[in-house]
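Keeping their order, the protein sequence lines are chains F and U. Position 270 of the first sequence, counted from 1, bears residue number 270 in full-length UniProt numbering, the numbering being contiguous throughout. Position 200 of the second sequence, counted from 1, bears residue number 200 in full-length UniProt numbering, the numbering being contiguous throughout.
There may be inaccurate statements among the hints.
[Unchecked claim] Facing chain U, a subset of chain F residues (Cβ under 7 Å, in silico): (1) PRO307; (2) SER361; (3) GLY363; (4) TRP383; (5) ASN386; (6) THR407; (7) LYS408; (8) THR411; (9) GLU414; (10) ALA437.
Treat the hints as calculated values from the structure; they're not laboratory data. The model shown is predicted, which means the values in this text are computed figures rather than measured ones. Heads up, the beta-carbon is just placed ideally off N, CA and C, and yes, glycines get one too.
Number of protein chains: 2
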Amino acid sequence: MAINVPGPAEPHIAIVGAGIVGVILALGLARQKISVRVYEQAAGFREIGAGIAFSACARRCMELVDPGISEALRRCGAVSVSDEDQEDDYLRWIDGYNQHRADDPTYQRPLAQIGGAGFRGCRRDQFLEELAKDVAPGGIEFGKRLETVEQKEDGKVCLVFADGTSADADAVIGCDGVKSRVRRSLFGADNEASYAQYTHKVAYRGLVPLDRAIEVLGEWKAHNFHHHVGPGAHLTHYPVANHTALNVVVFLSDPEPWPDHSNMVAEGTRDEVAAALGGWHPTVLGLVKLLPEKLVTWGLFDLGEFPAPKYNDGRVCIAGDAAHASSPHHGAGACLGVEDALCLSVLLGQVRAAATAPGESLGTALAAAFETFDSMRRPRTQWLVNSSRRVCDLYHQSEWADQRRWTKAETCFEEIRDRSYKIWHFDADDMVQQSVAEYKKRLLGKRNGFGRDVNEKHGYRL
Amino acid sequence: MAINVPGPAEPHIAIVGAGIVGVILALGLARQKISVRVYEQAAGFREIGAGIAFSACARRCMELVDPGISEALRRCGAVSVSDEDQEDDYLRWIDGYNQHRADDPTYQRPLAQIGGAGFRGCRRDQFLEELAKDVAPGGIEFGKRLETVEQKEDGKVCLVFADGTSADADAVIGCDGVKSRVRRSLFGADNEASYAQYTHKVAYRGLVPLDRAIEVLGEWKAHNFHHHVGPGAHLTHYPVANHTALNVVVFLSDPEPWPDHSNMVAEGTRDEVAAALGGWHPTVLGLVKLLPEKLVTWGLFDLGEFPAPKYNDGRVCIAGDAAHASSPHHGAGACLGVEDALCLSVLLGQVRAAATAPGESLGTALAAAFETFDSMRRPRTQWLVNSSRRVCDLYHQSEWADQRRWTKAETCFEEIRDRSYKIWHFDADDMVQQSVAEYKKRLLGKRNGFGRDVNEKHGYRL
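Pulled out of the complex, with its shape left as it was, chain F reads as follows (with noise of 0.2 Å):
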């Protein structure tokens, strides 16, 4: 990636956070020519080792952001979360609570199976790393932690970071996560839109060895993803590092408040799992004395209960977790992330065509991209949010401890495919195609003075 000194009219663009979306977006800006820097709070790659998995969907954005990117995660071992056998990549849900035969208590009843997403999955760490070899020497700075965004008056957006210094730039996105500074920036720090919110959900994760597991699950589940559901809770597991090691996450519900929002993860212990679980299905059951002692308590913090009225202001835009941090029961947060950076990255690559255009306004043409970029983005990311909430609702419905509702919990799984459909069969080449559009329009109202709602009938949005 080749760091351009700008042009009077070419932008410079600053990305702050080198997460996956940020490092993903800053190489679709240089694919597009465009001069750009990433900012980073820590001292290096902040991932961790923890899986990440991409739809199909989220490879095609990949390849259209920058065929590099594809690259990379093939490099990285990326692989399906179900077995090898591409016609049998299915998630599936499974009853986690109900014994349902004396004569064979390892039986569970299979609820419903969802094909299709084309999933694969790796080590965020590790596919960060291959991404970060195709970012120019200098690309990104490493200890900058951002205190504040200023949109000045001569054009410029202006970056204060923690350690005295700042930098400027036509244009900044925050990639900076679910504790976003751009995103606080943009609302001020007495909105709740700056803040996550607990979703009364928390998570424990754990490997357990797969011979282990294929005692308590028998070969066929242990190597297929499954969701094992039932009142309150529910387990997931796929198989891992080329079928050596199970990955197993627990999900239970917790009316209880989070005790400190400044901290999203608290200790815990296997005990507190099996006694939330008292009563479940021995598998399940099984499978949660495999987890080590001592565990970290994840709680799930989104952006659903005070979503971001817009996700642009100006020059200064978010994206990825720090527009609409999600809870991970999609398992698409990421994805949605990588379907933010192809818009950006096409927008802008607009906004630098347009910068040649004589008389044409920069700031003009950059506010209309990210009012673009919002309008294109804003629903799909948000209805995430919410369907993320809604589904695990969904698995944790108290219907499954009563057999009489058995056949009404068991009607929410069509609904449960349509989302995944909805997530999965995105066409992000039509996403383009429609963000050009939308961006040329409204560079046009804006050029014969009329606002954003310019198209909008009777002042319907939708």
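Could you slot chain U onto chain F? The hints should help.
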């Protein structure tokens, strides 16, 4: 419609209930040259003078069942629910609670518009009257109140009526509505699935002269479909009677139990509606003032709490409201009943063709047809029942009353649009093709001695 005397291998079908779905199904079976008779408990057609609307997709189903049905809809004067401009065929949501402008108390914030249903509205009784003109004389027997349905060992099904008479048929389809006796006969009087449950919403309906409504709403709103939403209630209006009257329906959330499940209506008053909407926008209160002083309170019941575990048992089947009575919030209950009628017409047309094949058992073919109907129709129709409840809950969100929560409240429209499109963009022709293919697969499975789950790997159904 000819009442054929069935030959030894030609099926004779009994339909219970001469409502809109039952009569459409009878016309569809007659068009497939199937012998059919309808039994209706009332002394004549039982539909009331209330309005009903059919989407473009439901009208495509009518066309496929029998082009004469579309013709009957046109003859009874069905018109668009919004104004005549086809490009303005929208449902609209508007803030019915908050007062936004001191300088303009009539201003209401537009929230969303969703178009493309192609709804055409008419009066139920007038449509049914037109449909009945195409039924052969004697094709409907009135005054036949069903007591039970008995599947006999000789392969016939016996309908036993309250007047002491009975009738035999090769198969029975219950189109006998929300209080279906056929459903109760399938599941038993002690099963909750035999009874509709209160959805904890009530409706009050009234007609208002359009000129009076225009004084309150203004010209444009009065001529176009609007939902006014707010905490715990919504008010829906659209023009009827060639734009001379406004149909107004107020829906209220009601935490209390319904007093008497044997009677779904109760006495109500305009004053209780006005009291429930205390503090709402003056436009909504102004419309309520135009309602008659005495109203009927309609308790909204559905099959959502205890949905039918299946729609078929051997040679008996349920369809329309008898299978999936829904609250009215999608305006799609009858539309999905028409889809059912198309599916059953096609499947029984297949049965009739198979009945002429040597060695084919009529009972096997009928069971395969009804199993196919269940698998094709149950997920979508039970989804509708849930979805109708869900969208009403979204209209009634408490968040509308708290300005800090408006952004969250408004994120609901992406979901409402998805749900509306799922209903409106249904591919009737594809359902026909899939139904035939599925029927043939199941019939083959039965010939080879397999049960209904033959193609379901690991027992998963979806």
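(request) Compare the structure with the hints numbered earlier in the document and write down the numbers of the violated ones, lowest to highest. (result) 2, 3 and 10
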